[in-house]
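A.B. asks: Each chain, written out:
2 protein chains.
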Amino acid sequence: MSLLVVGSIAFDSVETPFGKVEEAIGGSAMFFSASASYFTDVKLVAVVGEDFPEAEIDFLQSRDVDCQGLHRKEGKTFRWEGKYGFDLNEAITLDTQLNVFGDFHPELPEDYRDAKSVFLANIDPELQLEVLEQVRDPDFVAADTMNYWIDGKRDALEAVLARVDMAVINESEARKLADESNMVQAARAIQKLGPRHVVIKRGEYGALCFADDEICFAPAYPLESVFDPTGAGDTFAGGLLGYLSRQGQFRPRDLRQATVLGCVMASFCVEDFSLESLRELDFNIIERRFEKFQRLVNFEPLELLDE
Amino acid sequence: MSLLVVGSIAFDSVETPFGKVEEAIGGSAMFFSASASYFTDVKLVAVVGEDFPEAEIDFLQSRDVDCQGLHRKEGKTFRWEGKYGFDLNEAITLDTQLNVFGDFHPELPEDYRDAKSVFLANIDPELQLEVLEQVRDPDFVAADTMNYWIDGKRDALEAVLARVDMAVINESEARKLADESNMVQAARAIQKLGPRHVVIKRGEYGALCFADDEICFAPAYPLESVFDPTGAGDTFAGGLLGYLSRQGQFRPRDLRQATVLGCVMASFCVEDFSLESLRELDFNIIERRFEKFQRLVNFEPLELLDE
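Quick mapping for you: the protein sequence lines, in order, are chains D and U.
One point on numbering: in the numbering used here, the residue at position 23 of the first sequence is 23, and numbering is uninterrupted.
One point on numbering: in the numbering used here, the residue at position 261 of the second sequence is 261, and numbering is uninterrupted.
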């Protein structure tokens, strides 16, 4: 089942306590596509400027990502500059230059419109709606969003949520969207807005998946070196949706596995700047990391010795 | 194997977004004892003032907690006042009155000195050392601490850590103690100070256990109602050490189970103010919650369908 993604492609300049990188390749659609490409065929819709390197499009194509929907426009590519503090948990945005992304309107090539699974990355919910108008009969649609849209475009965002099967959002955004601090209640409130399933991204603490009325918890792997969390959330979504699209099934047990695979893919992402660590994975490496996750949370039935 | 705990007993006045409680029973030794009492015999060392209710000592004794080491002194019991914000993750201390706790020096009754497992709750590391001088030949010693001692009594704290088998500390304290933001490296650095095992408490995100060179991750249960996180860390330690003492074995696989049981006990603690929810548990209730934890993190080996 092919997977359509609509999102941003950017140059990211990032400073972490461990180093600095200038104008590295980033953006939600880029991380998502690289990650999902290990599981399924991805169809990408995004916009870049004249300054975007052809080699990166070659990389996507080498991963069998369909780039018909990747438009190159006159002007410069979207740029984001941010830094992370000691605990790497929250990015501080230093600068955003929308450039060609400023008047982006997603246009789906004809053969994208029959995509059966769709990921609406974190962009203006009005653009997310434009995408939903163009796809014909998807089996599964997931959407991400952020505080900026929760505050500024609530109505459009609610119209999106009413039409999706899954929301994939950060913990603090879930609290804000639901106006509820308790995470279980926040997820239930978001489900009432439309999505049957809600996946909460918790950064270095992993992810919670509310699949219908089941809950599953996927840990983040405690890594010895975390360089840069930029893109981890979109890489997570790429693993999650990539796996589901490949399986073509969306039962709670599939969602459980998918949530763990999301965390597996994110664990690679943070080990290097930009999407460097997503360029040359293979299925064996992914499987070995998945097994490490299993060992991490593996405990036995409770048995008490008599005192 | 009986379990010796030395810590504080307090009256806590706590405000959370869900309510307020005045002078409720609290303190590290109190939460720890109540929690551990579901697994093993506890010997308690602490001090209270004349205002401490006899009924609470009756409660401890009804749970078979040995109260020979619970001294009642002239004056008032230790008091703590704090509040929690929207996400319940961090307590803001509003007031602390040490009262009889101010000149507390732990004195172990003679038949406490052969205790085989020991928990040094978060008190002045100099007092923790006084306890270690009095126990004769323990098999397993664990200690908690906090930022205040990391900053103010580093030498005494290091002398404690050099003599314990396990450190049980909050995530931010681990980062501070090790001066290292990466949690794996922080735990490894703390292990170099002495303890073979390091357990990191992460509040609503569960706990990480570094048992020798193995890592395990225990989730916190996503509860529909979390009223008051006060005491959750000590309740966690009570489940952890209570289980280990009962089993009398301290292999990495025992530590895994113990870490999960710590999270199980903490999940009860936060469901009500003070230690209300720890008063009338039984083993069936604990076992059912444990099984919920297993389902929460249960995922299958990875299997990919062909596309």
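Any given hint could turn out to be false.
Just so you know, same-sequence chains aren't split out, so a pair can sit in one copy or run between any two.
[To be verified] Lysine to aspartate or glutamate pairs mimicking EDC-like chemistry, simulated, CA-CA at most 20 Å apart:
{"#": "1", "residue 1": "292", "residue 2": "271"}
{"#": "2", "residue 1": "76", "residue 2": "287"}
{"#": "3", "residue 1": "176", "residue 2": "90"}
{"#": "4", "residue 1": "116", "residue 2": "155"}
{"#": "5", "residue 1": "292", "residue 2": "212"}
{"#": "6", "residue 1": "192", "residue 2": "300"}
{"#": "7", "residue 1": "292", "residue 2": "130"}
{"#": "8", "residue 1": "116", "residue 2": "41"}
{"#": "9", "residue 1": "20", "residue 2": "95"}
In case anyone wonders, no lab produced these hints; they're calculated from the structure.
A.B. asks: Evaluate each hint against the coordinates.
C.D. replies: Checked hints:
1. Only within a single protomer do residue 292 and residue 271 lie at most 20 Å apart by alpha-carbon distance; the minimum there is 16 Å, versus 32 Å between protomers.
2. In this assembly of identical chains, residue 76 and residue 287 lie within 20 Å of each other by CA distance neither inside one copy nor across copies; the values are 38 Å within and 59 Å between.
3. In this assembly of identical chains, the alpha carbons of residue 176 and residue 90 lie at most 20 Å apart whether taken from the same copy (16 Å) or from different copies (18 Å).
4. Taking the closest pair of Cα atoms, residue 116 and residue 155 never come within 20 Å of each other, the shortest separation being 26 Å inside a single copy and 62 Å across copies.
5. In this assembly of identical chains, the alpha carbons of residue 292 and residue 212 lie at most 20 Å apart only when taken from different copies (17 Å versus 27 Å within one copy).
6. Proximity of residue 192 and residue 300 under a CA criterion of 20 Å is satisfied in neither setting, with 35 Å inside one chain copy and 29 Å between copies.
7. Within a single copy, residue 292 and residue 130 get their C-alpha atoms no closer than 40 Å, and across copies no closer than 41 Å, so neither meets the 20 Å cut-off.
8. For a Cα distance limit of 20 Å, the shortest separation of residue 116 from residue 41 inside one copy, 11 Å, qualifies, whereas the shortest one across copies, 59 Å, does not.
9. For a Cα distance limit of 20 Å, the shortest separation of residue 20 from residue 95 inside one copy, 15 Å, qualifies, whereas the shortest one across copies, 42 Å, does not.
When held up to the earlier numbered hints, the structure conflicts with 2, 4, 6, 7 and fits the remainder.
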